[in-house]
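> Given the coordinates of chain A, assemble chain B onto it according to the supplied hints.
Read top to bottom, the protein sequences are chains A and B. The UniProt record's numbering numbers the first residue of the first sequence as 1 and each following residue consecutively. The UniProt record's numbering numbers the first residue of the second sequence as 1 and each following residue consecutively.
These aren't lab readings, by the way, just hints derived from the structure by calculation. Please read these numbers as outputs of a predicted model, since none were measured by experiment. One or more of the hints may lead you astray.
Repeated chains share a single entry, so a pair holds when one copy, or any two copies, can fit it.
Said to hold, decoys possible - Once the Cα atoms are required to be at most 16 Å apart in a straight line, the calculated EDC-like pairs of lysine to aspartate or glutamate come out as: (1) Lys58 <-> Glu172; (2) Lys10 <-> Glu47; (3) Lys67 <-> Glu192.
Each chain, written out:
Number of protein chains: 2
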Amino acid sequence: MKLSYTGKTKDVYELEDGNYLLKFKDDVTGVDGVFDPGANTVGLTMEGAGRAGLRLTKFFFEILKQKGIPTHYIDADIEQATMTVKPAEVFGKGLEVICRYRAVGSFLRRYGLYAEEGQPLDAFVEVTLKDDGRQDPPISEDALDMLGILSKDEYQVLKSLTQQIGNVVKEELAKKGIELYDIKFEFGRVGEDKQIVLIDEISGGNMRAYKDGEYIEPLELEKMFL
Amino acid sequence: MKLSYTGKTKDVYELEDGNYLLKFKDDVTGVDGVFDPGANTVGLTMEGAGRAGLRLTKFFFEILKQKGIPTHYIDADIEQATMTVKPAEVFGKGLEVICRYRAVGSFLRRYGLYAEEGQPLDAFVEVTLKDDGRQDPPISEDALDMLGILSKDEYQVLKSLTQQIGNVVKEELAKKGIELYDIKFEFGRVGEDKQIVLIDEISGGNMRAYKDGEYIEPLELEKMFL
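Just chain A, same shape as in the assembly:
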C-alpha cells in the first residue's frame, strides 16, 4: 500500500483493490499548543486522539449506514487506528459544510449584528472553501456553481445530506444529555454515477458540543460518548 497524502490529522494510503486506508494520527489542530477544531494548523499531539476520533467516526458512520445515508465508509480497525473507505473525488480543492444549531463561532463573528450568542439556528447550512491562505472563505450556492465546483442540483443534495446527518448526530448526542451547537462535514463524489457521500470523519474535532451550558473538549466528548 502506498502513502498518497499526508494530512494534518490523517495519512491516506492507496490500497491495491482501489480503496483507501485512512490512518488517524494523534495530532490535533490548534494554535500554540491549545486545541482548536477550527484551526488550520496542527497545534499539539495528544496520546490516543487518533483512536478516540476513529471510535466516534466508526460509531456514527455505522449508524448512517443503517439509515441508508451514503458515506465512503467500508470498515475500521480501532487497534490500528485505520479506516478503509471507498475512493472519493472532492469538490474543487475541497469544501467544508457546516450545520449550525446555535449561533457561535464564525457565524456570530459575521452575523453578530442580527444574532445573539447561542441563539437557536434551524440546522442552518453553510459552505466554506478549504483554503488556509484565504481563511476558508464562505461561498454561496451561486458562486459554487459559477466556479464549476458544485452544480445547483448537487448543492441541494449536499444541503439535504448535511441536515440529515447533522440531525442524526444531534439526536445521538441528546441521548447522553449533550447538545450539539454546530458540526462540520466533508463530502465527495463516489463511483461512476458520482453519488454525493459523506467522507472524512465525524469526531469531537468536527463539532462543538455542550453539556449543561459547558463546552466539552473533543477528547472528553469521545470519553463521555463511548
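Same frame as chain A, but now just chain B:
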C-alpha cells in the same frame, strides 16, 4: 424639512409630503486621503463630487424608469445637488448587493483559488451586510431568510433586479467604450405592498469601470460619461 440622517456621502431630509430629499455631499469614501469606493470611511472632500454623482444617478434612474424597472427616484435638482425620493424601508440594517462581470476586489480576495484576476463572471450577484465593524460580511440567501432580513421570494426579486440594472449600466457604459467590472446597489421596500425597488444612487463611487484595460476614477468616469 427635517434632517433625518447624516450619511458618509449624503444627508437625508424628510419632506412634508412624506417623501425624502437626498443631499449629495462632496465627501467621498476613502482611506488616508485616497479615494476608495469600497471604503467605510470618508477619506476626502472633492469639489463637485456630489453634483457629478447626482448627474450620473439621475441619468441612470431615468433610464430605469423608461424601462419600467422600479426605483425610489422622483426627481433631481442638479444645482442644489438634491434628489427627491419615495420613502423606502431598508432590509434589516442595510444590505449591499453586488453584480460582478469580472473577478476583481473582494471576489478575488475570497475566491482566488478558483478564479484569475479579471476573469469574466456572468452578472454574478452577491449580498453583503452593511456592518462596518464586521467588514461588511457576505451573506447567503438561506442566512438572509433565517435571520428575518429578506425572504426567499424577495431574494429572487432582488437578484433579478440586480442583474437587470447591472446589465443596463453595463450597456450604457459600453456605448462609450467603457467596460463595467462590478457595481454595487442598495434596495428597499416601498409602499404598502412592500415592492422591492432600487434606492440610493448609481454613480462612479458604486462601480469599477475600465477603459482600454485602465481603471477609471469615479470623477473621471462622470466627466467621460456625461
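> Run every hint past the structure and note whether it holds.
Hint check results:
In this assembly of identical chains, the alpha carbons of Lys58 and Glu172 lie at most 16 Å apart only when taken from the same copy (14 Å versus 60 Å across copies). Taking CA atoms no more than 16 Å apart as the test, Lys10 paired with Glu47 passes inside one copy only; the shortest distance there is 14 Å, against 61 Å between copies. Proximity of Lys67 to Glu192 under the C-alpha cut-off of 16 Å is found in neither arrangement, the shortest distances being 23 Å within a copy and 49 Å between copies.
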